[in-house]
Amino acid sequence: MKQNDGRRWHDMGGQAAGPVPKEDHDFALWEKRIDALMVLCSAKGHFTVDGLRRALEDMGEDAFETMSYYERWVASLNQNLVEAGVYTPTELGERMEEIATRGETYGEAAHG
Amino acid sequence: MAERVRVKHMMPPGHVRAPAYLRGKTGFVERKLGAFGNPEQLAYGLPAEKIPLVRVRFSMAEVWGSDTEYPNDTLDAEIFAHWLEYPETHDAP
Amino acid sequence: MMPHDHHDHLSPSGHPYRKDNDEPLTYWQCMEIAMRELLIEKGVTTATEIASQIDTMDARSPANGAAVVARAWVDPAFKARLLENASRASREMGFDIGTLRLIALENTEDIHNVVVCTLCSCYPRNLLGLPPDWYKTRAYRSRVVKEPRKVLAEFGLELPAETTVRVHDSTADMRYIVIPVRPDGTENMTEEELAELVSRDSMIGTGIAKLPS
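Residue numbers (the numbering used here), protein chains in the order written: chain A, 1407 to 1518; chain B, 15 to 107; chain C, 536 to 748.
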């Protein structure tokens, strides 16, 4: 097992890696909404971009490998909003339960 | 003569913005950028001290060793002053 | 646009649309909806403010940076101001870049600049829009600081040994835009025509300006 030298997973500079994949995509509405919420809530002082990065780093390497970019950011955004006291995990959880009953797709559940 | 600086070698856990590959490496001040909130406090929702931020330029040879393919290529990074130390001038090349 | 017709098309930028409104709802999408509704109900933001922020980001694109580069190519005084303070020079051209602190890096016959963020994926988004996916990958973030020439070669850019490569890691509050070298044979082109030669990748440093056709 590799000796832990204190380097954290997100600190990637100089690590070995494969070829750079060139695929690109346009952003879906839900991703743009997450991006907008990050900008607006930090501009209003509920957290800083450093707070978003900190929560993202603390999610660990597994999150980087298994979640998409905006999935990681919505998780980090949620962590920061809970820490800032904007809402509680229960408030979020109850709303998510209700939303899941609205329909099977994002469009139906989001009412557009 | 350009001011020489070395990035501290320490490896604390938590949110810091000095990349690991530059720790312990010596470069020179490319430009001074003014003072910015300390990300190590901002990241935890704390009031942040303003700390001078410096763009430091390193040679590839310094960062990756003398067997690097193009030793004179360079790396620039922004490093907060509390991560910098000032090596003795007598070991200048 | 009809609600469902985007499945058969590429987007205006030529990329496939991400799976969108008609796919099964995921846990994280459900969280986004719940979070947004709670933020609106609690008065933190409004639906209008969110829509407006999305429009603002959609209006930011590499074309903005290309216009800045083309101006620098034709106007030496502007280029001097851009190199002195790229945020101010961008605002001078009318671009709403918010709080972006931008540094312009000039490529020359002897120097090639390339930009990365090894710690996350910092990018001059308030000028160029959101970054390409490859900019955020482990491969790009890990390798370009150690073997920039090999990475650039993967982008089709082979640099001569005499060229000095300068890699810029966006580790804190600054963001970077590369001013590519103006191609030969463009002396009679207008500023607008020149801007067409400036690709997104040429402003990150993984490409160079296109040759005039």
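No lab work stands behind these hints: they were computed from the structure. Ideal Cβ positions, reconstructed from N, Cα and C, are used throughout, including at glycine. Treat the hints with care, since some could be wrong.
Pair ranges (Cβ atoms, derived) [said to hold, decoys possible]:
| no. | chain 1 | residue 1 | chain 2 | residue 2 | range |
| --- | --- | --- | --- | --- | --- |
| 1 | C | E728 | A | V1488 | 28 to 38 Å |
| 2 | B | K64 | C | E619 | 51 to 61 Å |
| 3 | A | F1470 | B | D81 | 25 to 35 Å |
| 4 | A | T1507 | C | I575 | 39 to 49 Å |
| 5 | B | G48 | C | K745 | 31 to 41 Å |
| 6 | C | G691 | B | N86 | 19 to 29 Å |
| 7 | C | G633 | A | D1464 | 21 to 31 Å |
| 8 | C | D631 | B | A75 | 40 to 50 Å |
Outcome of the hint check:
Taking the beta carbon of each, E728 (chain C) and V1488 (chain A) are about 52 Å apart, not inside 28 to 38 Å as hinted. K64 (chain B) and E619 (chain C) have their C-beta atoms about 23 Å apart, which leaves the hinted 51 to 61 Å range violated. About 30 Å separates the C-beta atoms of F1470 (chain A) and D81 (chain B), a value consistent with the hinted range of 25 to 35 Å. At about 20 Å, the beta-carbon gap between T1507 (chain A) and I575 (chain C) misses the expected band of 39 to 49 Å.
Separated by about 36 Å at the C-beta atoms, G48 (chain B) and K745 (chain C) satisfy the suggested range of 31 to 41 Å. For the pair G691 (chain C) and N86 (chain B), the beta carbons lie near 24 Å from each other, so the given range of 19 to 29 Å is met. For the pair G633 (chain C) and D1464 (chain A), the supplied restraint of 21 to 31 Å holds, since their beta-carbon distance comes to about 27 Å. Judged by the Cβ atoms, the range 40 to 50 Å given for D631 (chain C) and A75 (chain B) holds: they are separated by roughly 42 Å.
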